[in-house]
Amino acid sequence: MSDAPGPAPRAESAPLVEVEHLVKHFPTRGGWGKNREVVRAVDGVSFTIRRGETLGLVGESGSGKTTVGRTLLRLIEPTSGRVRFDGVELGSLTSGALRRLRPRMQIIFQDPYASLNPRLSVGEAIAEPLRVHGLARGPELERNVVSLLDRVGLPSSARDRYPHEFSGGQRQRICIARALSVKPSFIVCDEAVSALDLSIQAQVLNLLRDLSDDLGLTYLFITHNLNVLRSIADRVLVMYLGQVVESATVEQLFSAPGHPYTRALLSANPSPDPLAAFDPVSLEGEIPSAVHPPSGCRFHTRCPEVFEPCPTIIPSNHLVNREPPHRVLCHLAEDAA
Amino acid sequence: MRDGPWAAAARRLSRNRPALLGAAVLLVLSLLCVLGPSLLGLDAMLTSPELRNRPPSSEHWFGTDAIGRDLFARVLVGGQASLAVGVVATLVSVVVGVSYGMVAGFYGGKLDEVMMRFVDFMYGLPYMFLVILIMLLFSETARGQMLPVFVALGLVQWLTMARIVRGQVLSLRHREFVLAAELLGASDLRILSRHLLPNITGVVIVYATLMVPQVIILESFLSFLGLGVALSWGQLVSDGIAVVNPVRSYWWLLVWPGAFLGLTLLSLNFLGDGLRDALDPKSRE
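Sequence order for the protein chains is L and R.
Using the numbering used here, the first residue of the first sequence is number 296, and each one after it goes up by one.
Using the numbering used here, the first residue of the second sequence is number 23, and each one after it goes up by one.
Bound-form chain L, shown alone (with noise of 0.2 Å):
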């Protein structure tokens, strides 16, 4: 889906990362004298991410939304499309300029555990980027690594100890610090919180926040979980099967979703409040293979209000709110006069 420049002022809040047409392809491992085929993880996305704002990312497992996080940071390199970062073109970079734009773009991922090298010590793991870039030595090298860690809220004491000593909230502080010690402007958050216990998970959103807010980061959130999506994105984006369906502010997704699929998953998210009508639509079966995506609209073969044109033509996209804008990928969507 393209999507044309918002009508906001483009110098206050002109875009830090521009997506155009993002497609990769993983080609499986053909055995001998059999065809290589080609898993369609992402398949032509597009959007924008304007500073400050948080960008939400949702989908089923195996929706392609971790490749576009991957992708977006080059720690992959996309099959075609272009990636604009602070309106450098990441493609065109030679790798030492591009290891040097590095430090402006982290990630936290989601496994606390396979995030920390297990043989440094948390100090070590924290200082390290900063001698790479040489932004700091000696003591004031041990000073910035006791505010990073009183940033993120852990005691100067935890520099001497191993990753193994923490518990899965507290190692996903100290992933944060280490983005933070190269003062990146952008942070992908890949399930950042999902592995956590509902209480960890929220204290960890604050702490995002709240960094956020003071030194204005930019985040895209890729989540499944609907509840933290809307406690802490501006935008969401949904996705599925390597492409984009919806895209909305977190209120238009909540109070009126434009997709089948988008509804189907806010319906099968349980809400926090126990006495709310819990009725799911239940969506069959489990997302078809990206090797041989569903011809026509790709949620055709699940969705519950398919009809003539879906498993033969494809849908194109509807923009069903002007401003703020809302765009859904579907037959049933209609453009906003």
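Possibly wrong hints are sitting among the right ones.
What the hints assert, rightly or not - Rough simulated footprint, nothing fancy, chain L against chain R, three-plus residues with beta-carbon under 8 Å:
1) 98 to 108
2) 207 to 216
As the list claims (entries may be wrong) - Chain L stretches covered by chain R per the calculated footprint, using a threshold of three residues with CB under 8 Å from any CB of chain R:
3) 341 to 352
4) 412 to 426
5) 532 to 540
As the list claims (entries may be wrong) - For the chain L half of the interface with chain R, some residues (derived, Cβ under 8 Å), not all of them:
6) LEU368
7) PHE404
8) ASP406
9) ALA409
10) TYR457
11) ILE608
Since the hints were made in silico from the structure, they are not lab data.
Every residue, glycine too, gets a C-beta built ideally from N, C-alpha and C.
Using the hints provided, position chain R relative to the given structure of chain L.
Positioned in the frame of chain L, the structure of chain R alone reads:
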């Protein structure tokens, strides 16, 4: 508890009695072999025709050989050669195998494909043939020296190490902490040395410890073929077997070098098992 992963491993090792015993035996044996001959004023080459094939006595603790050389001295000096071959050839294979495996596993793709097919090809060659070929490449004068044996055994043994290291790196390569280091702007060299190497060191140490006895056995085998070091445990055992006959048994010529060789191999294996349990506690099941 405020200690790193290494301290925890040391603690586990210190509770493992067979491993500690193995380490102690190795220490005593090595000290005896290295310092013994000079401290006790022994000469492994001094022949005395009147003392041929004497059994152990207070004069010559381990007896004497066919041309009257003191067997105790020969076992100690031969031990220097066997231990040196074991350690040096293992070090050669660790250095070559670890760097080769890390590069292949880290960069992956076509490079990995080509590098590992080469390893497969080397595996396919009969290694004895290879070792004999390398030994023959050295000049006549180098025969019986240690250097050709180091080179030949090191070049054969690195293959397994390269495979193990490549597998380890491959599994760590896409772990989140490595991706994070990449995103934080760390260079390839830094990622390899700070993030990957420390996490495979445990496995490398374990396999290296278990490789030393293998190399010592290989050298003994080469000695049987007359291609080993001129004076080593393998050579002494080989000489001892040559004089075993139904009429007269010079048992001490076979038993002493054999016992030293066996004791060393056993201790190394105990130590290696202990290290594996200490460094990689999950592998015990």
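(message) Which constraints among the numbered hints does this structure fail? Numbers only, ascending.
(response) The structure conflicts with hints 1, 3, 5, 11, although it agrees with all the remaining ones.
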